[in-house]
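*Asks:* Protein sequence lines, in the order shown, are assigned to chains A and B.
Taken in order, the first sequence gives residues 0 to 259; the numbers are from numbering that gives the first Met the number 0.
Taken in order, the second sequence gives residues 0 to 132; the numbers are from numbering that gives the first Met the number 0.
These are computed hints drawn from the structure, not numbers from a lab.
Just so it is clear, the structure is predicted and the values come from calculations on it, not from any experiment.
We put the beta carbon where it would ideally sit given N, CA and C, even for glycine.
Take the hints with a grain of salt, since some may be wrong.
One side of the interface only, derived from the structure: several residues of chain B facing chain A at Cβ under 10 Å [as the list claims (entries may be wrong)]:
{"no.": "1", "residue": "I1"}
{"no.": "2", "residue": "P31"}
{"no.": "3", "residue": "P48"}
{"no.": "4", "residue": "A69"}
{"no.": "5", "residue": "K86"}
{"no.": "6", "residue": "R88"}
{"no.": "7", "residue": "F123"}
{"no.": "8", "residue": "Y131"}
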Amino acid sequence: MKIQINGRWYKAFEGEMVLDVLRREKIDVPALCAHEAVEPFGSCRLCMVEITHENWGGWKGNVTSCLYPVEDKLRVTTHTPKINELRKMILNLLLARCPNAPEIQKLAEEYGVTITDFVPRPDADDCILCGLCTRVCAEMGFYAISIVGRGYGREVGTPLNEAPPDCTGCLACVNICPTHCIKYEDVGNVRKIWDREFELVPCKRCGKTIITREFADRLIKDKNLPEDYFDLCDDCKRDDIAKNMSKLVIWQDKKEEVKR
Amino acid sequence: MIKRLLVTPSLCIGCRTCELACSLTHQENGKPGRSRIYPLEVGKEQFVPVVCLQCDDPACVKSCPVGALALEESTGYIRLSYEKCIKCRACVAACPFGCSLVDEDQDKIVKCDLCEGNPACARFCPTKALVYK
């Protein structure tokens, strides 16, 4: 299957979305809420492109490329005056919601929006409400956070605004957030996120921490791993394998062997 | 046939050329300590280069909650898709050999991918302790 993007033909595969092809071919289209780990959702609307087809009798449409499946001989244009106008308006609105988010500021500047035409939110945070964090949490199988409320009061929150019982402190939401607005803190062996404290599993030998106890337990349960799987850190495990391997090696005089 | 990275510890002289080759291939800064291969000293003048073994039944792939890691049957190496990775560090904790690592500077997971079929460490190893065949 082939699709035409900005006048050039590219290979595409059945079941892909248009944005997948755009990203693979490194064609610059802004998209904040699309991540390969989760299903496309289409909440930021920035990946809008114009599509048309030779069989459509000249009809053209503006669609979100993350949600539009590819079809043979589809013609995609990523930057038309109309599309740029749409993106400008979206960024204008996003800038009113998150005036302090560097990612939004940078993207808006690229499209020529430096100051929002709307009234910036006085109690602004950096969340654009794209829902990536809640979707990745669901993808992990935890469903600890969700988007709550409507309209002006819409936000990402935990059940009943209390510490979420299903959260494991895996930091998937923190790492996936396009504007880096979810905050967490690691102090010693304690991780604080979503108003809850988690114990980080310390390495039994050196005390280095990698993941939380809750996340380790969850992995052991879900993936049928042995109980002692997360007792040692990666550094100590490497030392162990080096020692174990050295027992199997017949050490010979190096100079002789290298010569050979 | 699938090629493997063959490690012969008795030939390793601990020169750490492999570390340098690895970090220069994969990263901009080329810090030797940020490589995917570690020649560890186990005795006097005895070194074991520890590198991802590309297991047949990999714990990292099993533990990945979003399927960013996948064992490619045709080439035999475990591939990490950076587009899919959510940096939850499950693979780092799960690898029984400690060969899935975190690069704190660049904030990403690093794992040996055999340079997608042409490992730099094997090319630069002066004593043939690392051979890709």
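*Asks:* Indicate, hint by hint, whether the structure satisfies it.
*Replies:* Hints, verified against the model:
A cut of 10 Å between beta carbons decides the hint on I1(B): the least distance to chain A is about 21 Å, and the hint is violated. Contact between P31(B) and chain A, as hinted, is not supported at the beta carbon level, the nearest pair being about 15 Å apart and thus beyond 10 Å. Interface restraint check for P48(B): the shortest CB-CB distance to chain A comes to about 9 Å, inside 10 Å, so the restraint holds. Hint on A69(B) is violated. Least Cβ distance to chain A is approximately 12 Å, over the 10 Å limit.
With a least beta-carbon distance of about 4 Å to chain A, the hint placing K86(B) at the interface is held under the 10 Å criterion. Interface restraint check: R88(B) against chain A, minimum CB-CB distance 5 Å, threshold 10 Å, status holds. With a least beta-carbon distance of about 15 Å to chain A, the hint placing F123(B) at the interface is violated under the 10 Å criterion. The interface hint given for Y131(B) is broken, as the beta carbon of that residue sits about 18 Å from the closest beta carbon of chain A, more than 10 Å.
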